[in-house]
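Modelling step: build the complete structure from the supplied sequences, incorporating the hints.
Taken in order, these protein sequences are the chains called A and B. Take the first sequence: its position 179, counted from the start at 1, is 179 in the working numbering, and no numbers get skipped. Just add 1000 to wherever you are in the second sequence, counting from 1, and you've got the working numbering.
If you're looking for bench data, these hints aren't it; they were derived computationally from the structure. One thing to keep in mind: the hints can contain errors.
In silico lysine-lysine, DSS-like type, Cα no more than 30 Å apart, as pairs [unchecked claim]:
#1 A:LYS113 <-> B:LYS1160
#2 B:LYS1186 <-> A:LYS113
#3 A:LYS113 <-> A:LYS131
#4 B:LYS1160 <-> A:LYS79
#5 A:LYS202 <-> A:LYS79
#6 B:LYS1186 <-> B:LYS1160
#7 B:LYS1160 <-> A:LYS202
#8 A:LYS79 <-> A:LYS113
#9 A:LYS79 <-> B:LYS1186
No experiment lies behind these values; they were computed from the predicted model shown.
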Amino acid sequence: MTEVLSTHGLVAGYGDFQALYDVDVEVHEGEAVALIGANGAGKSTFLRAVMGLLPVAPDMVHFDGAPVGGTPTDRMVQKGVAIVPEGRRLFTGMSVSDNLRVAIDQSSRFERKGCWTLSRLYQLFPILEEKARTPVESLSGGQQQMVSIGRALLCQPRLLLCDEISLGLAPRVVREIYAVLPEVRAQGTSIILVEQDVGLAKSASDRLYCMLEGRVTLSGRSEEITREQIGEAYFGGGHAVG
Amino acid sequence: MQWVDALVQGILLGGMYAQYALGMALMFGVMRIVNVSHGDLVILLSLIGISLASSFGLGPFAVMAALVPLALAFGWILQRAVLNRVVGEDPLPSLIATFGLSLALQNLMLQIWSANSRSLPGGGLESRSIEIGGIYIGLLPVIVLLVATGLTLGLDLMLKRMRFGRALRAASADVEAAAMTGVNPKSVYAMATAIAVGILGFAAVFQSLRSTVAPADGGAQLIYAFEAVIIGGMGSVWGAFAGSMVLGIAQAVGFRIDPGFGVLSGHIVFLLVLALRPQGLFGRA
Chain A
1 MTEVLSTHGL VAGYGDFQAL YDVDVEVHEG EAVALIGANG AGKSTFLRAV
51 MGLLPVAPDM VHFDGAPVGG TPTDRMVQKG VAIVPEGRRL FTGMSVSDNL
101 RVAIDQSSRF ERKGCWTLSR LYQLFPILEE KARTPVESLS GGQQQMVSIG
151 RALLCQPRLL LCDEISLGLA PRVVREIYAV LPEVRAQGTS IILVEQDVGL
201 AKSASDRLYC MLEGRVTLSG RSEEITREQI GEAYFGGGHA VG
Chain B
1001 MQWVDALVQG ILLGGMYAQY ALGMALMFGV MRIVNVSHGD LVILLSLIGI
1051 SLASSFGLGP FAVMAALVPL ALAFGWILQR AVLNRVVGED PLPSLIATFG
1101 LSLALQNLML QIWSANSRSL PGGGLESRSI EIGGIYIGLL PVIVLLVATG
1151 LTLGLDLMLK RMRFGRALRA ASADVEAAAM TGVNPKSVYA MATAIAVGIL
1201 GFAAVFQSLR STVAPADGGA QLIYAFEAVI IGGMGSVWGA FAGSMVLGIA
1251 QAVGFRIDPG FGVLSGHIVF LLVLALRPQG LFGRA
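Here it is in structure tokens:
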């Protein structure tokens, strides 16, 4: 399988605080990779570093075989990386359709074309079509998450980064949102899932990486990794995750 | 009748202030930049316009046709060369930068044009008026108000309907999320400042037609723009327009009470709004 993204000795942080130490992660075409770990393990920092939101050296991040570390965020989107950010980060004061149109406006100018259209997205999440003219701040959490995912898909990504998309949502809504991921992968799009729910992360990914205090402590095929192994990697001791 | 007249003249005066306030509201709304050099830019453009008119014998509307593209280009360069380096979550660096720019511009203008007051010859346009029901309405103020309304409407439509307007609103709501959606914030900012200064190209012509301008006059224009934006509610174009009307009416009514009370009356309304409704009359809390 072709490698889409790889990081090599990735270090990143905020000011004097170093949050990532020598992180090596790779993602292949069409693959779903989960990133798990406790709060503060560096999962979101990893996504931010890949997205060009934190200063990193060019060689630390490769996309499509080319060094892209530290590339401005909007250029990363143009290259084919999109993110569903933590906390959804919708454009308040704008309607659902305007939020989505911002992404269409930009991606329609990219050289690289994709398969996502507004009507296709509305098939996936029919409620968004119903609420197209509603300001995003009056949607429910699950609906907001759908807009955030839709916005990222309309950037026509080859690699989709999902930062805790299940956080704070009812189990039924989480299932509805996760049901979309196979369809995304069917387009050849790779996924990095940052997820707190270990069971969900395992079932939705091919491989997983577990992080602890800024380092990768465990990696392997999701179906082969046991709960005991995860527990040890998660907490750095002999705990098990229930 | 006297008060109806004051109201009408106030609204017309508000048209002038709206042309200052729109750009200021746009820059604040999108980038949280309070552009202290806003008034000096009006004066700079006015003086350039006056020089153009006297050197090439241009009429006021020909001057406007030359000045607006120049102002757009100037705003774009200002953002690309200076403000994009200081814009960010902390409003202080951009405040200091525009304050420095304001001082530099004033001294530059003194050097080039001297401290003398000048105005743009309007070929009689500035003194023509029409009478409606016993109230004399100047033709120039009516044109100013119409242009101000057109600019507000155009800006509002651009923000709501156009691709660039959506990118601008997105960047205004959450600049990092806009970048994550492929929007280049620095280009959006450069366009926003280009438009904000471009509008001053219209304002400069009208300002130098209706009164005289001198290099040190920028401060007063800045204050009026600032007050109009605060009264209307920061960061909304129709709020800035309405705030300009309120400020114009307050000044005109104050002027009828006592000629020395006109400008002060505007300041009092501004302070009252700031104290009682700091989000502005038309802003959301």
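Comparing the hints with the structure gives:
With a CA separation close to 26 Å, the supplied pair LYS113 of chain A and LYS1160 of chain B stays within the 30 Å bound. A threshold of 30 Å between alpha carbons decides the hint, and for LYS1186 of chain B with LYS113 of chain A the separation of about 24 Å falls inside it, so the pair holds. Taken as a hint, the LYS113 of chain A and LYS131 of chain A pair is honoured in the structure, with Cα atoms around 27 Å apart against an allowance of 30 Å. Straight-line distance between C-alpha atoms of LYS1160 of chain B and LYS79 of chain A comes to about 28 Å, which keeps the hinted pair within the 30 Å bound.
A threshold of 30 Å between alpha carbons decides the hint, and for LYS202 of chain A with LYS79 of chain A the separation of about 28 Å falls inside it, so the pair holds. A C-alpha spacing of about 20 Å is found between LYS1186 of chain B and LYS1160 of chain B, which places the hinted pair at or below 30 Å, so the restraint holds. With a CA separation close to 43 Å, the supplied pair LYS1160 of chain B and LYS202 of chain A exceeds the 30 Å bound. Proposed proximity of LYS79 of chain A and LYS113 of chain A is supported: the alpha carbons are some 11 Å apart, at most 30 Å.
For the given pair, LYS79 of chain A sits about 18 Å from LYS1186 of chain B by alpha-carbon distance, which is consistent with the 30 Å threshold.
Comparing the model with each numbered hint stated earlier shows that hint 7 is the single one that does not hold.
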